[in-house]
Amino acid sequence: MEKLDRRWLFLLIGLSVIIPSITNLRFPVTTSPPTLNLWNFVDSLKYTQKPIIIVTDYSPSTSPELQPMANALFRHALEADIPVILYGGLYPDGYGLAQITERTVLEEMNYHLANGDSIIYGKDYVFLPFAPGGLAVIVGMGEDLIGTFRIDVHGDSLKFLPMMDNIRRLEDIGLIVDIAGSAVSRWWMIYAGTRYGTPIGVGTTAVSAAEYYTFLQTRQFIGMLGGMKGAAEYEELNAQRLNIEVRKQAGIAMASQNFVHILIIVMVILGNISFFVLKKNRERRL
Amino acid sequence: MFLKRTLPLLVVFLLGLAMIIQFFIPHPVSQTFYDSMAEWVRISGAFALVLGLASFFYVHTRKIARKNKDSFYSGVAIFCLLGMAGVGIFGRGGTNGWLFSNLYRSINVSLDSTMFSLLSFYIASAAFKSFKARNAMAFALLVTAIIVMLGRVSFGSFLDGVVEWILVYPNTAAQRGITIGIGLGSIATSLKIILGIERAYLGGGD
Chain C
253 MEKLDRRWLF LLIGLSVIIP SITNLRFPVT TSPPTLNLWN FVDSLKYTQK
303 PIIIVTDYSP STSPELQPMA NALFRHALEA DIPVILYGGL YPDGYGLAQI
353 TERTVLEEMN YHLANGDSII YGKDYVFLPF APGGLAVIVG MGEDLIGTFR
403 IDVHGDSLKF LPMMDNIRRL EDIGLIVDIA GSAVSRWWMI YAGTRYGTPI
453 GVGTTAVSAA EYYTFLQTRQ FIGMLGGMKG AAEYEELNAQ RLNIEVRKQA
503 GIAMASQNFV HILIIVMVIL GNISFFVLKK NRERRL
Chain H
474 MFLKRTLPLL VVFLLGLAMI IQFFIPHPVS QTFYDSMAEW VRISGAFALV
524 LGLASFFYVH TRKIARKNKD SFYSGVAIFC LLGMAGVGIF GRGGTNGWLF
574 SNLYRSINVS LDSTMFSLLS FYIASAAFKS FKARNAMAFA LLVTAIIVML
624 GRVSFGSFLD GVVEWILVYP NTAAQRGITI GIGLGSIATS LKIILGIERA
674 YLGGGD
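Chains C and H, in that order, are what the protein sequence lines are. For the first sequence, our numbering gives the first residue as 253, with consecutive numbering after it. For the second sequence, our numbering gives the first residue as 474, with consecutive numbering after it.
Treat the hints with care, since some could be wrong.
Partner residues aside, some chain C positions facing chain H, computed with beta carbon under 7 Å [unchecked claim]:
| hint | residue |
| --- | --- |
| 1 | 262 |
| 2 | 280 |
| 3 | 312 |
| 4 | 313 |
| 5 | 315 |
| 6 | 316 |
| 7 | 352 |
| 8 | 392 |
| 9 | 465 |
| 10 | 466 |
| 11 | 503 |
| 12 | 510 |
| 13 | 513 |
| 14 | 517 |
| 15 | 524 |
| 16 | 527 |
Distance windows between CB atoms, simulated [claimed, not checked]:
| hint | chain 1 | residue 1 | chain 2 | residue 2 | range |
| --- | --- | --- | --- | --- | --- |
| 17 | H | 520 | C | 285 | 43 to 51 Å |
| 18 | C | 371 | H | 519 | 43 to 51 Å |
| 19 | C | 414 | H | 475 | 30 to 38 Å |
For the record, the hints were derived by calculation from the structure and aren't laboratory data. If you're wondering where the values come from, they're calculated on a predicted model, not measured in any experiment. In this text, a Cβ means the ideal position worked out from N, Cα and C, and glycines have one as well.
This is chain C alone, in the form it adopts within the complex (with noise of 0.2 Å):
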């Protein structure tokens, strides 16, 4: 085991996402406390009619775990009736990835909703443009939303929008998700939560889930999304209550991250083996 070429664990690996994701292998997904306190976080302002930012603060590199969460936040507001700001985040890169999401969504939804209510842009949902500056840019949000932005991707002036009518700071916004697969997700807390007073939920990649869950406990982040399994778990919230029936792009993937994580557990398991059982036999040499 000790001398086995690493392109056979290649093999491995690459067999285990391939497989699961052209059988169509399906599997249930059970939720956590921080996916189900963000879940009803955001449905609870359909009461109070405040709007909900979703940032998509990645680059392209993390989308495949990030992706499926801004999309889920997205369709489960508008579903909601929920006003929404999609905003493509503080780094150019998320711009694009924030088009992807509304795309993907609209089309979606106009397809659901082909003979009932449709999204109106202005009225359902806003998408601010990049802005440099990076922490300024919340800083400005904090103080002055529309005076930091002034138009919106179209070119329109905010303050025609209707959905903007009521908006003028972050403290008039019910909640800010903040989708990153960096550390700036802290810069929307100590900002834009703990500043200006804003209730911030995150979604994060899986390896920077483990990092969160101290301001999990102080409220600071009011709720989480841990990678893929973080987006499933939303997903299926979205299927179980609000009855979204659409192509579940994290529940899809957790059938390969599933073989895959258990694949390196039985590697890591027979690593070991082999490495005690060349230890006892170099020990008896001696």
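Starting from the known structure of chain C, fit chain H onto it as the hints suggest.
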């Protein structure tokens, strides 16, 4: 010397001090100062993009001029940047147009996520080769990692309670210690910058 070193140090010292004092004074004058500073940072951020572009062109055109062995890739980088910018500025629909969105979606997103996904192969290989229970601490780490990994898959739902406990208690305790350490480190570094002890941002190894 004054313009290159003394003036920047003075600006950093005065503004750093002013921002600290401002934080503790809830007065309209202090608030107006804070707002205008926030606006200045956003304006400087826009200029930083220009500076980044200038640096990008400087590095890559030099590589091409010197006929560096990687100069082909520099040419590709410049072509891609100018191409995307051209489509975004002059293309139909601008950055909301079909072509710009699809170039981003089909090329940038696909390439970037493919590069990142290669990590899983190396992580698996590294876990197999080096994640060994050499002592009690390593054994504890190994068992915890296996439980948490199992908890992230559908087959491991029976471990949900244990995984949540690990993440909420031992993990939070360790993370909080690290966070406090980072916070203290940030304060120390900020003070060093404000007082002119840390000058790396001035460049030139000063």
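Status of each hint after checking the structure:
1. 262: This hint holds: residue 262 of chain C lies near chain H, its Cβ roughly 5 Å from the closest one there, short of 7 Å.
2. 280: 6 Å, holds
3. 312: 4 Å, holds
4. 313: Status holds, d = 4 Å.
5. 315: 6 Å, holds
6. 316: Residue 316 of chain C check passes; min Cβ-Cβ to chain H is 5 Å, inside 7 Å.
7. 352: 6 Å, holds
8. 392: 5 Å, holds
9. 465: Residue 465 of chain C check passes; min Cβ-Cβ to chain H is 5 Å, inside 7 Å.
10. 466: The hint holds - residue 466 of chain C has a Cβ within 7 Å of chain H, the shortest such distance being about 5 Å.
11. 503: 10 Å, violated
12. 510: 4 Å, holds
13. 513: 5 Å, holds
14. 517: 5 Å, holds
15. 524: 6 Å, holds
16. 527: 5 Å, holds
17. H:520 - C:285: 43 to 51 Å: About 45 Å separates the Cβ atoms of residue 520 of chain H and residue 285 of chain C, which means 43 to 51 Å holds.
18. C:371 - H:519: 43 to 51 Å: 32 Å, violated
19. C:414 - H:475: 30 to 38 Å: Taking Cβ atoms as reference, residue 414 of chain C and residue 475 of chain H lie about 55 Å apart, which means the hint is violated.
Violated hints for the displayed structure, listed by number in ascending order: 11, 18 and 19.
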